[in-house]
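Build out the structure end to end from the sequences listed, making use of the hints.
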Amino acid sequence: MSKKTEDKILKHATSLFFQYGYSAVSVDDLVKGIGMSKATLYRYYASKYDLLEIVIENMFQEIKHDISELSASELDPLQKLRTFMTLMTQRLSAIERSALEDIKESVAVLHDKFTRLRKEVIIHHLVKILEDGGRQGVFRQEIDQQVVAYIIFASIEELTSTEFLAHHSYRFSDVFDMVLSTVMYGNVVNEAGQR
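Residues in the sequence shown are numbered consecutively from 1197, following this note's numbering.
I should point out that these hints are in silico values taken from the structure, not numbers from a laboratory.
A few of these clues could be false.
[As the list claims (entries may be wrong)] Here are the computed distance ranges between Cβ atoms for each label pair: (1) Val1343 <-> Ser1269: 23 to 31 Å; (2) Met1374 <-> Ser1233: 14 to 22 Å; (3) Ala1268 <-> Lys1207: 20 to 28 Å.
[Stated by the list, open to error] In the DSBU-like style, the derived pairs of lysine-lysine whose C-alpha atoms are separated by at most 35 Å in a straight line are: (4) Lys1300 <-> Lys1260; (5) Lys1207 <-> Lys1300; (6) Lys1309 <-> Lys1200; (7) Lys1244 <-> Lys1315; (8) Lys1234 <-> Lys1244; (9) Lys1228 <-> Lys1244.
Note that CB positions come from ideal geometry on N, CA and C, so glycine has one too.
Following this line, the structure appears as structure tokens:
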């Protein structure tokens, strides 16, 4: 089996699944877009379900790779944190909300896997960046950085929910930036609001 063909299938399937969801994408759609037969597709993936599972796993492997490069960079902890949040925003905002809702309704097990991997990757790497920043004296060491990571994650989860975004004109990136600014720099009280 060809790695080039496998990559081509994954790239096309990622685009379709994350734009339209699971139920709206047929095997015919998958093969038509890359000019191959169903038989060829089935030599690589046993089913559409298996293909979506690999697409989800592959997405988070790519994110982990990007984060590993970020962790090894010479950026200071605050720059790493902002870059990490930007990276997550770019990756996750590329997925249509309606597509994710369709995956949730059509294949709940894979939606749960997506949600679990997203949480694990974000929390794990946030904690690492925050702890590194604490050791370097950039972030406060007396605060449990895992708690801070969960606060950031929970805030972003709630503020990027369908209900919230439906009533506000914010983009994912706006929400990420506001949450990060509030957590990192304190409350919304400005200097004029102080004594």
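Comparing the hints with the structure gives:
no. : hint                            : result
1   : Val1343 <-> Ser1269: 23 to 31 Å : 26 Å, holds
2   : Met1374 <-> Ser1233: 14 to 22 Å : 49 Å, violated
3   : Ala1268 <-> Lys1207: 20 to 28 Å : 26 Å, holds
4   : Lys1300 <-> Lys1260             : 23 Å, holds
5   : Lys1207 <-> Lys1300             : 21 Å, holds
6   : Lys1309 <-> Lys1200             : 26 Å, holds
7   : Lys1244 <-> Lys1315             : 25 Å, holds
8   : Lys1234 <-> Lys1244             : 11 Å, holds
9   : Lys1228 <-> Lys1244             : 14 Å, holds
Violated hint: 2 only; the structure is consistent with all others.
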